[in-house]
Structure formats: structure tokens, C-alpha cells
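Colleague: Chain residues, written in single-letter form:
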Amino acid sequence: MAALATLLCGIIFGVGLIVSGMTQPAKVLGFLDLFGTWDPSLAVVMAAALSVAAPGYILVGRRSRSVLDGDLQWPPKRAVNRRMLVGAALFGIGWGLVGLCPGPALSNLATLSPKVILFVAAMVCGVLVHDRWLTRTGAVDDA
Amino acid sequence: MASFTPVSAAIGGVLIGGSAVLLMLLTGRIAGVSGILAGAIRPGGGAGAWRLAFVVGLILAWPLVALTGREVAVPQLPGSWIVIVVGGLLVGFGARLAGGCTSGHAVCGIARVSARSLAATAVFMTVAIAVVAVTHHLLGA
Chain A
3 MAALATLLCG IIFGVGLIVS GMTQPAKVLG FLDLFGTWDP SLAVVMAAAL SVAAPGYILV
63 GRRSRSVLDG DLQWPPKRAV NRRMLVGAAL FGIGWGLVGL CPGPALSNLA TLSPKVILFV
123 AAMVCGVLVH DRWLTRTGAV DDA
Chain B
1004 MASFTPVSAA IGGVLIGGSA VLLMLLTGRI AGVSGILAGA IRPGGGAGAW RLAFVVGLIL
1064 AWPLVALTGR EVAVPQLPGS WIVIVVGGLL VGFGARLAGG CTSGHAVCGI ARVSARSLAA
1124 TAVFMTVAIA VVAVTHHLLG A
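Read top to bottom, the protein sequences are chains A and B. Just so we're aligned, residue 3 is where the first sequence starts under this note's numbering, counting upward by one. Just so we're aligned, residue 1004 is where the second sequence starts under this note's numbering, counting upward by one.
Mixed in with the good hints there might be a few duds.
To be verified - What the simulated footprint calls covered on chain B by chain A, stretch by stretch (three residues with Cβ under 8 angstroms from a Cβ of chain A suffice, anywhere in the stretch; the number is not a length):
hint	stretch
1	1066-1080
2	1098-1104
3	1113-1122
Keep in mind that the hints were calculated from the coordinates and are not lab data. In this text, a Cβ means the ideal position worked out from N, Cα and C, and glycines have one as well.
All chains should be built: construct the whole structure from the sequences, respecting the hints.
Modeller: Written out as C-alpha cells, the structure reads:
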């Protein structure tokens, strides 16, 4: 049942990415191209998403259990630290180079584009390098 | 160059935010794709089945959209194969190190008014903008 619910959420999320244009690197890079021909669309996507998620989370937060009777796993609010900032910077470089982040990249797999498949393969490698390497040194951060 | 599409951006954004709320309401989880992906590929994951379901859902989106008659837009990725590999590695590794990506931090984290997510978003936005400024204008790419 949880798998079905999650599948549905993934579909809605993916459709949102497609409809908003976020699966197209050109739309994302158009926003990031602040000093060029600027396309504010991504900002509208964020604002719209937050306008639903912020009040939505407040309402859901009043519950003690999820609908499927599980715990509500709100991530613990950790402090800003150097590792997180370095990670954000590295992510920003990759995102600025290609204009894809994990969600759109995964949705785009359905297009069977070789470049997308390559990007996702590299992304998975990046995830594994972090999770295996830092696991060995005993410091996996899972937010 | 892509043009401003506020209406579809808003509709898509509502779906994204809505799916995040729905995921928390139904299953009690945060819709952070990098974390979900990491969990989905982690071995020995009986508890990871839901994560795989989310990823499958993401991949099913295009086929479902295509069923409505809308043409599938094959994404145009910039750069050489090397750039794509380097970009992918950095996105995957960086997101894990940061504890989230655009969905986990910029949407879910900011929705919870998390200072950490605000900081993460500010950093990756600024860096990405700088990278695009360099590649598009300084290097003439």
C-alpha cells in the first residue's frame, strides 16, 4: 500500500517537473543565466511549490501519524556546517554545468536519451562514492 | 533561448509541492529525490522498496504525459560527454554531501523554514549562477 502511494507521489512529482519545464535543461539554465537572457520560470516553479508545501506541511504536522499509520519522519534540524556548504557548492557546479538535478534526470530516463542515461549513471556513481566512502570513515549524513 | 512561461511553471510547481505534501501525509517521508535515490540503490533494502516506487513513479511521468497526446520533449543537454559525466558526479556526490538537492532543500526544507536548507539553496543557486555566467559568457560556450 505504501509502495502504491509512493508510486503515485512520484508520478505527480514527475508530471509537475514536466509541466513546469524543469525537465528541460534550457529552462533551468535560462533561469541560472542571470546575466544573459533571463527566464524567471524556475523562480515561479519554486514559489508555487512552496505556496503549497509550506501550508501543507503545517497542516500535516498537526498529525501524529501518516495516513498509512506510520511515523512522520521530519528530518532533524541540523546546524549549518562546512560539509553541507561544500556539498551544496559541488552540487551547484554540476547543476550549472548540465542544468539537470536528480528529479528531472530520473524522469528524463523515460526519453531514453543517451546523454541523460550517462548523466544518471554518473550521478549514481557520485552518490555511491559518497555513501560508500563516507560510510567507511563512519560519517554518513542522511537528511 | 527559453522564454518565460509563468502559467505552466505555476501549475507544475503546485504539482511538485502537492506531491511532497501528499508523500508526507500518506507515508511520512520527505520528497528529497537525492536521498530517495540513495536509499533506492542501497543494498539490503526491504525498507527501501518505497524509495524505488517513487523513482519508478518519476520515470513513469513522461509515458503518462505522452498518453494525453503531449509530445515527449527529449531534453537537450549542453556540453560534451566529459562535461555530462563530471556534472553528474558532482550532482550526485554534492547532493549527498549537502544532505539534499533542489527538491529536498529548496522545496521541502524551505517549506519547513529550515535555516540549513535556506543556506544550502543559497549556496547552490549562487554557485550554479556563477558557473553559467562563466560558461555562457566568459568562455563563450
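Colleague: Indicate, hint by hint, whether the structure satisfies it.
Modeller: Hint by hint, here is what the structure shows:
no., hint, result
1, 1066-1080, "holds (count 9)"
2, 1098-1104, "holds (count 7)"
3, 1113-1122, "holds (count 8)"
Hint compliance for this structure: every hint is met.
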